[in-house]
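K.L.:
Going down the list, the protein sequences come from chains A and B.
Heads up: the first sequence runs through residues 384 to 867, numbered per our numbering.
Heads up: the second sequence runs through residues 12 to 361, numbered per our numbering.
Read the hints as simulated data drawn from the structure, not as lab findings.
None of these values were measured; they are calculated from a predicted model.
Even for Gly, the Cβ is constructed at its ideal location relative to N, Cα and C.
Check the hints yourself; a few may be wrong.
Partner residues are not named here, just some residues of chain B that face chain A (Cβ under 7 Å, in silico) [what the hints assert, rightly or not]: (1) VAL19; (2) ALA20; (3) VAL23; (4) MET24; (5) LEU28; (6) ALA31; (7) GLU168; (8) LEU177; (9) LEU184; (10) ARG188.
DEER-style ranges, computed between Cβ atoms [unchecked claim]: (11) PRO695(A) <-> GLN174(B): 56 to 64 Å; (12) GLY217(B) <-> SER855(A): 35 to 43 Å; (13) ILE163(B) <-> ALA461(A): 49 to 57 Å; (14) ILE449(A) <-> ILE163(B): 27 to 35 Å.
Derived, one-sided and incomplete: chain A residues facing chain B with beta-carbon distance under 7 Å [unchecked claim]: (15) TRP725; (16) SER800; (17) ILE801; (18) ASP804; (19) VAL807; (20) ALA837; (21) VAL838; (22) ARG840; (23) GLY841; (24) TYR844; (25) ILE852; (26) ILE853.
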Amino acid sequence: MDSLSASPLLPFHSGMAFNSIQYAVLLAVVFVLNRFLPRRGQNVMLLIASYLFYAAWDWRFLSLLIVSTLVDFLVGGAMPAASEKNRKRLLTTSMVVNLGILGFFKYFDFFADSFANLLNDLGFNASVPTLKIILPVGISFYTFQTMSYTIDIYRRQMEPTRDLLSFAVFVSFFPQLVAGPIERARHLLPQFEQDRPKVGRSEIGSGLYLILIGLFKKVVLADAVAPVVEEAFSNSGTAGWVQLLIGIYAFSLQIYGDFSGYSSIARGSARILGIDLMVNFNQPYLSKNITQFWRTWHISLSTWLRDYLYIPLGGNRGSQWMTYRNLMITMLLGGLWHGAAWVFVFWGFLHGLYLSAHRWFRRDAEKGDPVLPGWRDIPLVVVTFHLVALAWIFFRSTSMSAALAYLDGIFSLREGSIPWDDIVLTVPLLAASLILDIAQRAGRSHEAILHWPAVARGVAYSIVLLGLIIFSGQPTVPFLYFQF
Amino acid sequence: MRTNRSFVAVGVMLVVLVGAEVGARFLEPKLPAPQVWDTPFVQDKAIRIEELGDVDIAVIGSSIANASIDVTMISEAIDWADSGYNASNPGSAIREWGAWDEDLVLPELCPDLVVISMGPRDTNDNEPTDERELSTYLDSEGRRRLYGEETIGESIESFFQQQFALVAIRERLREPRNMFRFLNGESISSWKARLTPDGRFQGFDGGHYVDDLERDRRLREGELRDYQVGPVQFDSLKDIIADIQATGAYVAIVDMPLMRDQLAKVVDDGTSDLDDYDRAIRQLGTETGVPVLSYSDMNNHGVFYADLYHMALPGTLEISPRIGQDLAELFPERPQVECAIRPPYGSANS
Chain A
384 MDSLSASPLL PFHSGMAFNS IQYAVLLAVV FVLNRFLPRR GQNVMLLIAS
434 YLFYAAWDWR FLSLLIVSTL VDFLVGGAMP AASEKNRKRL LTTSMVVNLG
484 ILGFFKYFDF FADSFANLLN DLGFNASVPT LKIILPVGIS FYTFQTMSYT
534 IDIYRRQMEP TRDLLSFAVF VSFFPQLVAG PIERARHLLP QFEQDRPKVG
584 RSEIGSGLYL ILIGLFKKVV LADAVAPVVE EAFSNSGTAG WVQLLIGIYA
634 FSLQIYGDFS GYSSIARGSA RILGIDLMVN FNQPYLSKNI TQFWRTWHIS
684 LSTWLRDYLY IPLGGNRGSQ WMTYRNLMIT MLLGGLWHGA AWVFVFWGFL
734 HGLYLSAHRW FRRDAEKGDP VLPGWRDIPL VVVTFHLVAL AWIFFRSTSM
784 SAALAYLDGI FSLREGSIPW DDIVLTVPLL AASLILDIAQ RAGRSHEAIL
834 HWPAVARGVA YSIVLLGLII FSGQPTVPFL YFQF
Chain B
12 MRTNRSFVAV GVMLVVLVGA EVGARFLEPK LPAPQVWDTP FVQDKAIRIE
62 ELGDVDIAVI GSSIANASID VTMISEAIDW ADSGYNASNP GSAIREWGAW
112 DEDLVLPELC PDLVVISMGP RDTNDNEPTD ERELSTYLDS EGRRRLYGEE
162 TIGESIESFF QQQFALVAIR ERLREPRNMF RFLNGESISS WKARLTPDGR
212 FQGFDGGHYV DDLERDRRLR EGELRDYQVG PVQFDSLKDI IADIQATGAY
262 VAIVDMPLMR DQLAKVVDDG TSDLDDYDRA IRQLGTETGV PVLSYSDMNN
312 HGVFYADLYH MALPGTLEIS PRIGQDLAEL FPERPQVECA IRPPYGSANS
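Just chain A, with the same shape it has in the complex (with noise of 0.2 Å):
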C-alpha cells in the first residue's frame, strides 16, 4: 500500500486542468479530428482522448474507471433477460462494485479514523490503522454516472445498450468526466450511439462562448480571491471580524466561480464536439429560498440525489415528519458524497435543516424555472445568501473546531486590522458575478450576451478579455471540485 500512500490532495496538483495549456492542445486536436472522423471513428477517438486525459491525473486508477465500465455494461446488458430476482441480484453487483470502490477509496480511512476517536473517547485505548490512500480524482463523480444507468435499467426507465464503445465513451468522456455534470445515461448515452448532426459555426460560437465565460468566472473570479479566502480560513482563530467576513463572501464567489467555471467550459468544449451536456447550474445565487438555491445549484447531482434517494425513500409522499427525516438524510449523504469528513457531514446537515424548516413554511412546491428576483424579493434573495454563505463556512474549514472559530470570530465581533486590499478586490468581483448572473437569468439563457446589441457586447466581451489578461498566469489553483 506505500505506493499509494501520499496526501489526499497530491494527484490534483498535477494532471489536465482546464485552464491549461494541455487541455486547449487536446481540445483543439479533438475538435480537428472529431470533424473528420465517422461516428465509431469518434467515439474511438474520444475513448482514446479521454483515457489519455485521465491518465494525465494518474494512469493508475484507469483501472478503476474500466472496471467501473465493464461491471456496469454487463450487468446492464444482462438485465433484461433476467428473472425479477436476478435483476435485483445483478442491481446489488453493480450497486456493490461502485460503491465498494467509492467507499474504499474515499471513506475507509474516515471511518477507521472515526471509529478509532469514538473508542478512545469511550475509554479504549484504541489504534485503527488508516491506509492513507489517494482519492481517485472524479471517482464520485463517474461512479454515480454509471449507476443511474443500471438503476434506469433496472427501473424499466431505459434499455441497455449493446454497444460498449459508445457506453465506455459515455461513462469517461472527458470534458465532464472529473469534476460532472453528473449526466444521465438517457440523456447522454444516445448522442454517442447515434450518427451526430454537423458541428456548425452556431455551435462553435456558443461552445467557445462558454469555454470564454468559464475560464474567465475560474480565472478571474475565483482564482483571484483564493488568497482571501485562504488567509482568512487559515487564521480562523485570530483573524477580525472584518476578514472572516470578506473570507465568506470571497469563498461563496470562489466555489461558484470554480464549479460552474469548470461546468460552462465542460458544455463548451462538449458543445464544438456535438454533444449537449446539461446545466448544472442557474444563477443560485440569486435564489429567493433555498429550495430554489438546490433548483440551480450543482443541479446534476442534487437531481441525482433526488431521482436514486429523496423519492426511493418515500420524498414527500409520507407524513410531514417522514418527508424532513427523508430530506435530511439526502442532504446528509449529500455533504459525505462531497468529501469523508465531519465538516462535510455538518454542512448536509445545515442544508437539511435550511430545507426541512422552508418546507414548515412554504408547503407549495415551486414550478417552472426560476425568474429574475423584483425588487420585494431581494431582502429574501440576500437571507437566502447568507444562508448558504454560513453552511460554506464548515465546507471549507479543515475541522468542526476551526470552523466554530471562524463563527465565534464573527459573532464576537473579533477585533482585528480590516483587510482593504482584500475589500477591494472581493467586492468589484462579487458585483462582476452578480451582474453576469442577472444578465444570463434576464436573458433566461446562459448565451444571453451573445444576443446582446452589437455594442454592448463589445463591451461585455472587452472585461472578459481584460479580466483574463489581468488574472491569468498566477499560480495555479486546481478547480475545487477536483477532490471530491
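We have chain A already, so just place chain B on it with the hints.
P.N.:
Here is chain B on its own, set in the frame of chain A:
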C-alpha cells in the same frame, strides 16, 4: 446584418482593449517591474547591479550587513576606491550568498574588495528556513533566466510583457489598492524595497533597541532554534571566500557587533554558544588567510541597534567609517582583478 453586428462588437472590443493598453503604457514607468526574483530586495539589487557595472567595493551578507553598512563611507576612507555597492540580501542564508556572488556580484560588479559582513545570527546550522530560502532563490525566474532555464510559459510571458504594458503591469493591477498607494508615493514593501542607491536598506534607520521577550522567544523557537555553530555555514563561507580570491580581489570579514548579552540568553539552549561562534570565525580567518575585523566595543550599546543585531542609523554611522579606516590600512593598494565569468545567458532583468 449579423456579420455587420459582429464587426461592431469586435470593433468596440478593440477600442476598449487599445484604450486599456494606452492607459497601461502611461502607468508602466511609474510602477515596479514584474517581480522575477524571489524577493523585492533581490529584484531591486539585481536590476541595480546590472545598471552599475564595475565597482571597487562590494558588501555581501544578510539583513545584518544590509541594514548596518554604508558602503559609501567605506569607499571614502580608502584612497584607491571611489565606488561601492552593498550587495547583501535581507533574509538570505550563507549558501545563498555563494550563489548570488557567482550569479551577479562577482561577474557584474567585478569588485576589487569584497566585505563579508556577518554575525552569529547567520551561522546557525539548525536554521529551519535555510533550505527553503536557498531553493526559493535558486528556483526564481530571474536566476533561471541567467542560465537560460526559463520555462516555455515564462518565455511567452516575458515576450508579452515586452510587447504589451497591460501584461507587464498586470501583477500590480491585481492589487489595486497597493497600486494607488504606490502611485501616491507610499512605500509598499512587498513591491519595492526601501534601498539607498548604493544598496543599503533604510528600514531600521529610525529604530531603537528595547527588550522584547516575545521577539526573543520567536527567535529562540525560529531562526536560532538549537543554535549550533557547525560545518554547514562555515564550509559555505570557505567556498565563497575561495571564489572571491580566485578573481584576485581582496576579502575581509567583518564580525558585526550586536546586543551580545541578550542574544547569548536567546541561544543558551543550543549546542553552541557565542564563544563557539567567536572561535569559529577566528579559525575561518586563519584557515583562509582573510582578516577578521571585530568591533566588540560596540556590543551591548542599545543606542546603536534597532533590535538584537540590526543597526539603527547611529550604529551605521559609527561602524561604517571605522570599517573603512581599517580596510584602508589592511589594503593600501588596488589589487589586480580578473572578473568572474558571467552566467551564459546574460541579463536577468529583461
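K.L.:
Would you mind marking each hint as holding or not holding in the structure?
P.N.:
To see whether the hints hold, each was checked on the structure:
Interface hint at VAL19(B): satisfied, since its Cβ lies 4 Å from the closest Cβ of chain A, which is below the 7 Å cut-off. About 4 Å separates the beta-carbon of ALA20(B) from the nearest beta-carbon of chain A, less than 7 Å, and the hint is met. Hint status for VAL23(B) relative to chain A: holds, with the closest Cβ pair at about 3 Å, below 7 Å. Because the closest C-beta pair between MET24(B) and chain A is about 5 Å apart, less than 7 Å, the hint holds.
For LEU28(B), the suggested interface contact is upheld, since its CB lies about 6 Å from the closest CB of chain A, less than 7 Å. At a threshold of 7 Å, the smallest CB-CB gap from ALA31(B) to chain A is about 6 Å, leaving the interface hint in force. The beta carbon of GLU168(B) is positioned within 7 Å of a beta carbon in chain A (closest approach about 6 Å), and the interface hint is therefore held. This hint holds: LEU177(B) has a C-beta 6 Å from the nearest C-beta of chain A, less than the 7 Å allowed.
At about 5 Å, the closest approach between the beta carbon of LEU184(B) and any beta carbon in chain A falls short of 7 Å, and the interface hint on this residue holds. Given the 7 Å rule on beta carbons, the hint for ARG188(B) holds: about 4 Å separates it from the nearest Cβ of chain A. The hint said 56 to 64 Å for the Cβ distance between PRO695(A) and GLN174(B), and at roughly 60 Å that hint holds. Remark: the range hint 35 to 43 Å for GLY217(B) to SER855(A) is upheld by a beta-carbon distance near 41 Å.
Between ILE163(B) and ALA461(A) the beta carbon distance is about 51 Å. The supplied range of 49 to 57 Å therefore holds. Here the CB-CB span from ILE449(A) to ILE163(B) is close to 33 Å, well matched to the stated 27 to 35 Å. Proximity of TRP725(A) to chain B is violated relative to the hint, the smallest CB-CB distance being about 32 Å (cut-off 7 Å). Checking SER800(A) against chain B: minimum C-beta separation of about 13 Å lies over 7 Å; hint violated.
Taking 7 Å as the C-beta contact cut-off toward chain B, the hint placing ILE801(A) at the interface is violated, the least distance being around 11 Å. For ASP804(A), the shortest C-beta to C-beta distance to chain B is roughly 5 Å, which falls under 7 Å, so the interface hint holds. Annotation: VAL807(A) was flagged as interfacial toward chain B, and the flag holds, the nearest CB pair being 4 Å apart, inside 7 Å. Here the hint on ALA837(A) is kept, as its CB sits about 4 Å from the closest CB of chain B, short of 7 Å.
Here the hint on VAL838(A) is kept, as its CB sits about 5 Å from the closest CB of chain B, short of 7 Å. At a threshold of 7 Å, the smallest CB-CB gap from ARG840(A) to chain B is about 4 Å, leaving the interface hint in force. Given the 7 Å rule on beta carbons, the hint for GLY841(A) holds: about 3 Å separates it from the nearest Cβ of chain B. Here the hint on TYR844(A) is kept, as its CB sits about 5 Å from the closest CB of chain B, short of 7 Å.
Interface hint status for ILE852(A): upheld, as the beta-carbon distance to the closest one in chain B is roughly 6 Å, under 7 Å. Annotation: interface hint on ILE853(A) holds; nearest CB of chain B at approximately 5 Å, less than 7 Å.
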